[in-house]
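Turn these sequences into a full structure, and let the hints guide you.
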Amino acid sequence: MQSKNTVGYFRLLRQNPPFRNLWYGQVVSELGDWLNSIAIYALILKLSNSGMAMAGAMMAKLLPIVLVSPIAGVIVDRISRKKVMIISDLLRCFVVLGFLLVENQDALWLVYALVIVEISLAGFFEPARSAIIPSLVPKKDLVTANALSGSTWSVMLAFGAALGGVVVHLFDIRTAFILDASTFLLSAWFISKIPPEDKPAKRDPQKQTGYQEFVDSLRYLWSEPMVLVLSLLK
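Residue numbers (my numbering): 26 to 259.
If you're looking for bench data, these hints aren't it; they were derived computationally from the structure. Heads up, a few of these hints could be off.
Said to hold, decoys possible - Calculated lysine-lysine pairs in the DSS-like style (CA-CA distance at most 27 Å, straight line):
no., residue 1, residue 2
1, K164, K218
2, K86, K71
3, K107, K164
4, K86, K107
5, K164, K108
To be verified - Across the chosen pairs, the derived CB separations fall in these ranges:
no., residue 1, residue 2, range
6, R199, M77, 44 to 50 Å
7, E128, K108, 33 to 39 Å
8, V91, S179, 19 to 25 Å
9, V191, L122, 18 to 24 Å
10, L88, L182, 16 to 22 Å
11, T200, V168, 37 to 43 Å
12, F196, N171, 32 to 38 Å
Quick reminder that beta carbons are idealized off the backbone N, C-alpha and C, glycines included.
In structure tokens form, the structure reads like this:
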């Protein structure tokens with residue numbers, strides 16, 4: 026079964042250039058995400074050697090997703106998903122370079138602020154990436170495309186964390202942040218090669234407003250603890 030799935034992945038990537046570019050963008054973007062996590066934790070340990078400071082960084086990575094995910098879901102239903110992803114990548118490139126300004130323990134607050142902004146931007150990238158997949162692949166390949174995206178996230182978690190450790194050990198933390206910033210530029214370039222999307226369909230005025238959808242999304246997350254946990258892990 027695993028071999029059959031792998032063949033399906035290669036076939037999809039070979040025969041579908043738009044999805045292939047999206048997948049390339051996902052690979053380098055998520056690689057940068059996990060490389061960045063290792064670099065941030067290494068920076069905090071170097072400056073403070075404090076478990077509380079490390080816990081603060083972890084909270085800064087988790088909490089923004091709770092609020093950003095519902096907002097992002099509303100936005101990506103209204104504007105170009107391609108533009109959302111490119112803007113998210115470009116902004117994250119500049120945000121990551123901001124970590125180079127942190128040189129002592131007094132600037133730890135800047136680490137937390139940058140982490141919150143970066144994770145918030147990632148909260149727009151992922152829903153847009155997931156939402157654009159059905160427009161890039163035929164219906165018969167949709168399951169394969171979604172499975173490949175999920176598998177890629179898992180592989181990048183392991184590979185990106187390992188790469189981050191190697192880069193920090195062999196070079197330094199600053200090099201890791203610079204590499205991370207470059208991954209977002211590369212991701213934006215791949216995504217820019219995806220064909221333009223169809224214009225979003227006009228919304229029925231009788232349907233919910235964006236605010237109502239946002240509130241309903243928060244209520245749903247609150248009422249479904251397992252979904253909330255999965256959204257935080259993502």
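Comparing the hints with the structure gives:
no., hint, verdict
1, K164 <-> K218, "holds, 22 Å"
2, K86 <-> K71, "holds, 19 Å"
3, K107 <-> K164, "holds, 20 Å"
4, K86 <-> K107, "holds, 24 Å"
5, K164 <-> K108, "holds, 23 Å"
6, R199 <-> M77: 44 to 50 Å, "violated, 24 Å"
7, E128 <-> K108: 33 to 39 Å, "holds, 35 Å"
8, V91 <-> S179: 19 to 25 Å, "holds, 22 Å"
9, V191 <-> L122: 18 to 24 Å, "holds, 21 Å"
10, L88 <-> L182: 16 to 22 Å, "holds, 20 Å"
11, T200 <-> V168: 37 to 43 Å, "holds, 39 Å"
12, F196 <-> N171: 32 to 38 Å, "holds, 36 Å"
Hint violations for this structure: number 6 only, all remaining hints satisfied.
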